[in-house]
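A.B. asks: Spelled out, the chains give:
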Amino acid sequence: MAARRAFAAAVSLSMLFALSPATAQTPPAESIQIGLSTDAISITAGFSGADLTIFGSLENPDPLIARQGRYDVIVVLEGPPRPVVVRRKDRVLGVWINLDSETFENVPVSYSVATTRPLQDIAEPAKYKQLSLGAQNLYMKPADEADSPATIEEFTAALRDRKAATGLYSENVGGVQFLSQNLFRATVRLAPNVPVGTHKARAFLFKSGMFVKESSAQLEIRKSGFEQSVFRVAHDDSFLYGVFAISLAMLTGWLGRLIFRKD
Amino acid sequence: MGIYLPIAEISVNVFVLLAMGAAVGFLSGMFGVGGGFLITPLLILYNIPPAIAVATGANQVIASSFSGALSHFKRGTLDFKLGGVLLAGGIVGSTAGIFVFALLRRLGQLDLFISLLYVALLGTVGGLMLVESVNALRASRSGAAPVLKKSGQHNWIHRLPFKMRFRASKLFVSVIPVLGLGAGIGFLSSIMGVGGGFIMVPALIYLLKVPTNVVIGTSLFQIIFTSAYTTLVHATTNQTVDVILAFLLMAGGVAGAQYGAKAGQRLRGEQLRALLAILVLAVAIRLAADLFVTPPNLYSLSAAGLN
Numbered sequence: 001m002a003a004r005r006a007f008a009a010a011v012s013l014s015m016l017f018a019l020s021p022a023t024a025q026t027p028p029a030e031s032i033q034i035g036l037s038t039d040a041i042s043i044t045a046g047f048s049g050a051d052l053t054i055f056g057s058l059e060n061p062d063p064l065i066a067r068q069g070r071y072d073v074i075v076v077l078e079g080p081p082r083p084v085v086v087r088r089k090d091r092v093l094g095v096w097i098n099l100d101s102e103t104f105e106n107v108p109v110s111y112s113v114a115t116t117r118p119l120q121d122i123a124e125p126a127k128y129k130q131l132s133l134g135a136q137n138l139y140m141k142p143a144d145e146a147d148s149p150a151t152i153e154e155f156t157a158a159l160r161d162r163k164a165a166t167g168l169y170s171e172n173v174g175g176v177q178f179l180s181q182n183l184f185r186a187t188v189r190l191a192p193n194v195p196v197g198t199h200k201a202r203a204f205l206f207k208s209g210m211f212v213k214e215s216s217a218q219l220e221i222r223k224s225g226f227e228q229s230v231f232r233v234a235h236d237d238s239f240l241y242g243v244f245a246i247s248l249a250m251l252t253g254w255l256g257r258l259i260f261r262k263d
Numbered sequence: 264m265g266i267y268l269p270i271a272e273i274s275v276n277v278f279v280l281l282a283m284g285a286a287v288g289f290l291s292g293m294f295g296v297g298g299g300f301l302i303t304p305l306l307i308l309y310n311i312p313p314a315i316a317v318a319t320g321a322n323q324v325i326a327s328s329f330s331g332a333l334s335h336f337k338r339g340t341l342d343f344k345l346g347g348v349l350l351a352g353g354i355v356g357s358t359a360g361i362f363v364f365a366l367l368r369r370l371g372q373l374d375l376f377i378s379l380l381y382v383a384l385l386g387t388v389g390g391l392m393l394v395e396s397v398n399a400l401r402a403s404r405s406g407a408a409p410v411l412k413k414s415g416q417h418n419w420i421h422r423l424p425f426k427m428r429f430r431a432s433k434l435f436v437s438v439i440p441v442l443g444l445g446a447g448i449g450f451l452s453s454i455m456g457v458g459g460g461f462i463m464v465p466a467l468i469y470l471l472k473v474p475t476n477v478v479i480g481t482s483l484f485q486i487i488f489t490s491a492y493t494t495l496v497h498a499t500t501n502q503t504v505d506v507i508l509a510f511l512l513m514a515g516g517v518a519g520a521q522y523g524a525k526a527g528q529r530l531r532g533e534q535l536r537a538l539l540a541i542l543v544l545a546v547a548i549r550l551a552a553d554l555f556v557t558p559p560n561l562y563s564l565s566a567a568g569l570n
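Protein chains in written order, with the working numbering: chain A, 1 to 263; chain B, 264 to 570.
In short, the hints are calculated from the structure, not lab data.
Just so you know, these numbers come straight off a predicted model, no measurement behind them.
Virtual Cβ for every residue (Gly too), placed ideally from N, Cα, C.
One thing to keep in mind: the hints can contain errors.
[Stated by the list, open to error] Pair by pair, the computed Cβ-Cβ distance ranges are:
# : chain 1 : residue 1 : chain 2 : residue 2 : range
1 : A       : D237      : B       : K426      : 38 to 46 Å
2 : A       : G167      : B       : I541      : 36 to 44 Å
3 : A       : S37       : B       : L366      : 45 to 53 Å
4 : B       : M264      : A       : P28       : 52 to 60 Å
5 : B       : T500      : A       : L99       : 20 to 28 Å
For reference, chain A alone in the conformation it holds in the complex:
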């Protein structure tokens, strides 16, 4: 069931851009704005991933550059940072066992990117490194800096690879579309296992390969009423939760016998 729901977000259109005076001496600097219609998304029982639509606008775009398509926008939805252990299996006496491991601090749990064009066509790789933009350029801080650079490199690559394989790190080339000279729409993917917590949406504006401006907004992803209650009770009142789980099992067993009894 691939019911992908689009969470529409409202346009935070500033009225200013339409009125930019033609008489100005120097063209005012471009900037970018994004807006979300909601600051929270609830994951319900039927959740199986979704596309999140974010609207945004360019302010004071140069019409000539816009016509030539030299404005590029990259939108990132970054999940909350959490520590992660990466483990590598090795063969011991024929059996595959987790042997080496590397712990990284503050790794974004999810990282979805939407772009107007392929990343390599927008700007130079060095630019992305500098901005720490894109899954390949995220800096993963190892907990133990004393490990050899080669080891850290290897585990960092494995971490990105695993995140991409589970859909948590994704890239949607062409996911940002200009609806008009000023208005754009970005579609980022939320994986079925998207983590709950505070996510950060960021939009980067590039002009002819040069970084211009960034804008960000926060988005809370949480479990909806029932799922959230179950999760909260399981963590806050874990004893009661355990007793409930046992009672439910006994009740089901008893009812099952009552309904289907054969003796």
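We have chain A already, so just place chain B on it with the hints.
C.D. replies: For chain B alone, coordinates are given in the frame of chain A:
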């Protein structure tokens, strides 16, 4: 139809889980086992994190063993005293198991340990059962009456001190092996998410010489409490019990069990045991393959800082 599991934090298909519960329930009704040893590996194969599969498996086992124990209680084939002593040992073993579980999870070796235990235990029990049932099938074909060891025959276990009388089981035996057996099962229950019936039943019959008609009811009785205790401790220390997942499995399971029991009545004892042995061995081989075959991914991620 997809459903989001609040504890496992993933989306799964409701019908797959109901079918899984029903299939395992069918088999458990047919063979008179709790089915935990099938549920937990199946959940792991279905991408449920092993820690959650184990804790939820224990929760699911309560439902099937409670329903089974009720029937035996009505028929009077349940030895409360023997079950109580087994249970005392079970609580100790289960507590130790939870501690080891948390430790292995921290070390990143939990999955390996669970798989190794499954392979070793299922392989041994399945192998022994297959040999025994094939011999019985051969004997019955050649027309010879099956030779059963007389109950009351003594082995080394009956020479141990601290003897206790269990009237319902017509048994006078030392409490040491009973407590030890209970503790061993409790340990496995908390680490593997199984009730342990597939070990308990042969051990009670062959080691303690408990009459067969009392064995299943008593084993189910003690499994209810051991797995209830395991569920409670997993819920409080690891927060890994997913009630939604458990409920779906139970709902499928209790329905499937009744049809399984009906199907089981059409087969002979040796045939049933041979089929169960093949099933147990198949699960063992499937899990063993995962240990020895080069995994498609050598790397795995897990959240750091779990205690």
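A.B. asks: Decide, hint by hint, whether the structure agrees.
C.D. replies: To see whether the hints hold, each was checked on the structure:
no. : hint                        : result
1   : A:D237 - B:K426: 38 to 46 Å : 44 Å, holds
2   : A:G167 - B:I541: 36 to 44 Å : 38 Å, holds
3   : A:S37 - B:L366: 45 to 53 Å  : 47 Å, holds
4   : B:M264 - A:P28: 52 to 60 Å  : 53 Å, holds
5   : B:T500 - A:L99: 20 to 28 Å  : 27 Å, holds
This entry satisfies every hint, going by the numbered hints stated previously.
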